Amino acid sequence: EVQLVESGGGLVQPGGSLRLSCAVSGFTVSSNYMGWVRQAPGKGLEWVSVISSGGSTYYADSVKGRFSISRDNSENTLFLQMNSLRAEDTAVYYCARRSPSTWGLFDYWGQGTLVTVSS
Amino acid sequence: QSALTQPASVSGSPGQSITISCTGTSSDVGAYNYVSWYQQHPGKAPKVMIYDVSNRPSGVPDRFSGSKSGNTASLTISGLQAEDEADYYCSSYTVGSSTWVFGGGTKLTVL
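These protein sequence lines are chains Y and F, in that order.
Just so you know, our numbering puts 116 at position 116 of the first sequence, and the rest follows in order with no gaps.
Just so you know, our numbering puts 1058 at position 58 of the second sequence, and the rest follows in order with no gaps.
Only chain F is shown next, with the shape it has when bound in the complex (with noise of 0.2 Å):
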């Protein structure tokens, strides 16, 4: 039950894409299209971006997509609005021995 693997932090002006990646293992994210995406603010409950790698939660902006190529999963910002600014984790569930496992998480600053 290894963490997934997600950059520390990355940073983008207003306007600009950003894309935060996450890899795991052919036993996690290369396994299924069971990735999903949370936002977080400091303070708050996690909220989902992203579920099924791709899909979109009713309310969620387009701006915000998803994709994986292997064990990659990876979310992209288009667009970056203040308000994007926020702690970002994936998750994938582990085939196998049904589990779910999160990313580390990446700090995603707008400059």
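Pulled out of the complex, with its shape left as it was, chain Y reads as follows (with noise of 0.2 Å):
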């Protein structure tokens, strides 16, 4: 069975750093494209970042240069590194894979991890 579950998430000041996690079972994380998408609180959905099979990483224009996403091998782990967090960061963050057989496709979804950026 497939499993993405999310961790890491809490309250942060602004200009804080958060590193979130992405437990996955049932797939191998280095053998697909992973990524992270946002929600802020009652709004829709935002795509923030990918990283591909073969390591390269793609990020929204939003958080480029804050955001840094990663995957740990031996633990079949994701990881969003989240630095210089603003209160427009404030979401609920979703891992998910992107489906091996089209691109445009994000097949299986963890059930997310709120972030708030607050003082």
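Because the hints were derived from the structure by calculation, they are not lab data.
Every value quoted in this text rests on a predicted model; they were computed, and no experiment measured them.
Check each hint, because a few of them may be wrong.
[To be verified] The calculated label-pair distances, taken between Cβ atoms and stated as ranges, are:
1. Y:G55 x F:R1063: 36 to 42 Å
2. Y:G15 x F:R1063: 30 to 36 Å
3. Y:S62 x F:S1054: 29 to 35 Å
4. F:P1014 x Y:G15: 49 to 55 Å
5. Y:S70 x F:S1017: 28 to 34 Å
6. F:P1007 x Y:S17: 49 to 55 Å
7. Y:Q3 x F:H1041: 16 to 22 Å
[Stated by the list, open to error] Straight-line C-alpha distance at most 27 Å; calculated BS3-like pairs for lysine-lysine:
8. F:K1068 x F:K1107
9. F:K1107 x F:K1047
10. Y:K43 x F:K1044
11. Y:K43 x F:K1068
12. Y:K43 x F:K1047
13. F:K1068 x Y:K64
14. F:K1044 x F:K1107
15. Y:K43 x Y:K64
16. F:K1047 x F:K1068
[As the list claims (entries may be wrong)] Stretches of chain F that chain Y covers, calculated by requiring three or more beta carbons in the stretch to come under 8 Å of a beta carbon on chain Y:
17. 1034–1041
18. 1045–1057
19. 1088–1096
20. 1100–1111
For glycine and all other residues, C-beta sits at the position ideal for the given N, C-alpha and C.
Reconstruct the complex from the two isolated chains, following the hints.
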């Protein structure tokens, strides 16, 4: 059974840092494109970042230079390091797998972890 | 990286059909058939309903269908049921920049 379980969310002050984790079971993280999608309270989905199976990384303009996506192959875990956090980064962060069979589909999603940036 | 454009809300009565549009550009929706649609109930993770413009994953009822014309994709739900009431998001891969973009979301109300 495929499972993606996010953790690491919480309350952080503006300018602070947080590291999100996504523990995956049922498939190999390093063999897939993996990404993060966020959703601000009461708002829509926003794509944040993707890491390719080859290790290339891609970011939304809104987080470029502040967020960093990575993975631990031995732990089969995806990470999102978030620095210089702003109030507008407050959201539920979902990790998701981009389908191996088509570019446009995120086929498996976690349940999300809430990040709140506030003083 | 501008969001795709969706209507904020649509509504329909049980048994009726509704269509949700999703307008992008020639770099995303219009570029290739990499458009997906997701259903999201409150407090839940998104669930894919349509991928590659018109393909349904196994388990998704055939009441859900997708299409595309130019830079606009559409999701049609026929035979509306109460459980279809949810938020719906379109998404597309953006050619050339290796990024993805979502629509602003459409709230479907089943009257």
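> Of the hints given before, which are not true for this structure?
Replying inline: Hints 2, 5, 6 and 13 are the ones this structure does not satisfy, whereas the remaining hints hold.
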